[in-house]
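Take the sequences, apply the hints, and build the full model.
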Amino acid sequence: MVRSFKDILDKALLGGAKRLVVPCPRKEDALLLYEASAAGLIFPCFVGNGEAIKNLVDESPLAEKEYEIVKENDPHLALGKALEILHTHDGGILMQGGIPAHTVLHALHDKSRGMLPKGGIMSFVSVFPLLMGEKLILVTDTYINNHPTVAEKQQILTNALNLARILGIEAPKVAVLAAIEQVNPSIPSTLSAAILSKMSERRQFGDAIVEGPLDIDCALSRTAAERKGVKSTVTGEADVYLVPEVDTGHLMAEALVFFGKMKMLGVVMGTSKPVILDLPFVSLEGRLAQIAMACLLEGGDNPNG
Amino acid sequence: MIKTLAEFSMLAQERGPKKLAVLAPEDEEFMRAVKSGWDLGYIEPVLVGDTRKMEEVAEKVSFNIDRFHKIPQAGQQAISNLGINMLFSGELPIASKGQIPTSYIYRSIIREEAKAGSGMTVSVISFWDIPGMDHLVAFTDTGVNIKPGVKAKAEVIKNAVFVYHLMGYPRPKIAVLSGQREVGGTLDSYKDYEVLIKSADAGDFGECEIVPATSFTEIFLGEKTCRDGIADIQGDEVPHILVVPCLDTGNILCKLDFFLDVTRSSLVATSRGPVCIPARSDFSDNIVQQLAMCVVLADEMEKREQ
Numbered sequence: 001m002v003r004s005f006k007d008i009l010d011k012a013l014l015g016g017a018k019r020l021v022v023p024c025p026r027k028e029d030a031l032l033l034y035e036a037s038a039a040g041l042i043f044p045c046f047v048g049n050g051e052a053i054k055n056l057v058d059e060s061p062l063a064e065k066e067y068e069i070v071k072e073n074d075p076h077l078a079l080g081k082a083l084e085i086l087h088t089h090d091g092g093i094l095m096q097g098g099i100p101a102h103t104v105l106h107a108l109h110d111k112s113r114g115m116l117p118k119g120g121i122m123s124f125v126s127v128f129p130l131l132m133g134e135k136l137i138l139v140t141d142t143y144i145n146n147h148p149t150v151a152e153k154q155q156i157l158t159n160a161l162n163l164a165r166i167l168g169i170e171a172p173k174v175a176v177l178a179a180i181e182q183v184n185p186s187i188p189s190t191l192s193a194a195i196l197s198k199m200s201e202r203r204q205f206g207d208a209i210v211e212g213p214l215d216i217d218c219a220l221s222r223t224a225a226e227r228k229g230v231k232s233t234v235t236g237e238a239d240v241y242l243v244p245e246v247d248t249g250h251l252m253a254e255a256l257v258f259f260g261k262m263k264m265l266g267v268v269m270g271t272s273k274p275v276i277l278d279l280p281f282v283s284l285e286g287r288l289a290q291i292a293m294a295c296l297l298e299g300g301d302n303p304n305g
Numbered sequence: 001m002i003k004t005l006a007e008f009s010m011l012a013q014e015r016g017p018k019k020l021a022v023l024a025p026e027d028e029e030f031m032r033a034v035k036s037g038w039d040l041g042y043i044e045p046v047l048v049g050d051t052r053k054m055e056e057v058a059e060k061v062s063f064n065i066d067r068f069h070k071i072p073q074a075g076q077q078a079i080s081n082l083g084i085n086m087l088f089s090g091e092l093p094i095a096s097k098g099q100i101p102t103s104y105i106y107r108s109i110i111r112e113e114a115k116a117g118s119g120m121t122v123s124v125i126s127f128w129d130i131p132g133m134d135h136l137v138a139f140t141d142t143g144v145n146i147k148p149g150v151k152a153k154a155e156v157i158k159n160a161v162f163v164y165h166l167m168g169y170p171r172p173k174i175a176v177l178s179g180q181r182e183v184g185g186t187l188d189s190y191k192d193y194e195v196l197i198k199s200a201d202a203g204d205f206g207e208c209e210i211v212p213a214t215s216f217t218e219i220f221l222g223e224k225t226c227r228d229g230i231a232d233i234q235g236d237e238v239p240h241i242l243v244v245p246c247l248d249t250g251n252i253l254c255k256l257d258f259f260l261d262v263t264r265s266s267l268v269a270t271s272r273g274p275v276c277i278p279a280r281s282d283f284s285d286n287i288v289q290q291l292a293m294c295v296v297l298a299d300e301m302e303k304r305e306q
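Quick mapping for you: the protein sequence lines, in order, are chains Z and H.
Going by our numbering, the letters in the first sequence line up with residues 1 to 305, in that order.
Going by our numbering, the letters in the second sequence line up with residues 1 to 306, in that order.
No wet-lab data here; the hints were simulated from the structure.
Quick caveat: nothing in here was measured; it's all calculated off a predicted structure.
It is possible that part of the hints are untrue.
[Unchecked claim] Derived pair list, reagent style EDC-like, types lysine to aspartate or glutamate, alpha-carbon separation capped at 16 angstroms:
#1 Z/LYS228 x H/GLU26
#2 Z/LYS228 x H/ASP27
#3 Z/LYS228 x H/GLU29
So, in structure tokens, the structure goes:
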């Protein structure tokens, strides 16, 4: 089982270096890309203004590494070109680069060049190593979907379970979070949690134990759960935390980083090829780990690939 | 200015004991907290509920409750109504929930506030005591309003500002939180922020300030793009009051203390005094802490009324 960012890195290296396509690369990403290249994870393929990219590379240690430049002087077309490259080559990873996140997500939906399988939805998983180093936990959706319906949550959860299995968690334990642990018709999150939990009972998520609704104290602590009369193997041992909506998800991910001093990496799930988005509160170490995570997904493990 | 939960405990010893209506103390952990509260001189309990059950549980934790006033009452809602009515009629300055679902307590408070014509919206304030930080940080509303609109949030802010003023903070800083980010359009929680910051500037909430930040990234990093500084962020950048988008977010965020190096303590602010609402998963130390906080705030409210 993969238990740490280092484990992700080690496992990703076994698959060899992957093509990382970066439209309109930014100067501030040069060090990260150098480190990923030097580690043997990637070889970058930059798409954009040839001269500007050459200058950027020459001013950084990237110059000594293998890289490729695909010229596209119009910045509005660089992302499309990057997607084209990914379409025409086997494998490859898309990195956000200098393109705004909403533009990237919009383009991924494009029917001809996008990367979203029909009927699928993209979701974002935040991965945190627990401070004692005993395992990784997954929190989702922390970025992409605002207020997912039950059907969308079903897919968000499927996406997260795919990731959990890639990380070697064979029968992931999932806490579907809500404000309270009882099913209360006035609180919609408790209803969708109960439905997902029932689906899991009927094995609609395969080998996984989905428990919900759980409030966060029951999810985090077996003792707290028992005092509230909640008996479940998920309490205190959840691998995946499914949040009700993005207000909770995004703020929770940030709270764990800023108040909890936890490291985070982010993964886009549901696309046919790995996509790396750049969230402002992910540290350099987390960003390197998310490149490694994308390499793992690209290495034939991507369930949508 | 009260900067830590420990200060509440110290002050509660000075200002107690205060009469406290305890509603259905039928759980060992809770009765242990009542015992500690009495031993420490914070409270003098008035025990409301099934007297046989409370005597049994008192015996289990070696607490002699013979000397205290006991009011026999059956039925969870009836117990709650009676205790909260005692608070609102001025019989005693604080009430605390025992083994009754919190929703019954909220219902009783809402009814009494309506009777009193106070216009006060019921909300829960959950404090975090973060080591090394120079002030207490509060999440609100973490218990009552499932999906508060901008009007309800305005009331939630007023309640929290009232409590921070009682704690000696002349001009608390507030962040109206939202999951707003670069993608996904404009969230309702962000639209609420845009309205509320104008109201705060217009003085609608009294002496306070809403900061121009709705996420922890904005609060801690601001315009900085240097992410390698994440590990070195300073806690004193955190506003005093964090208004959460909805109940799910509030409840989940404030109880991350199970994960983090922070201590949590919650209360309900009503127009007639604080109500202590320990969670069913709280342990006695934590409940005693919450009692101390209520004692001090009740004392401050009494002083203001005089």
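Consistency of the hints with the structure:
1. Z/LYS228 x H/GLU26: The hint holds at about 14 angstroms.
2. Z/LYS228 x H/ASP27: holds (12 angstroms)
3. Z/LYS228 x H/GLU29: Given that 16 angstroms is the threshold and the Cα spacing comes to 13 angstroms, the pair holds.
The structure agrees with every numbered hint stated previously.
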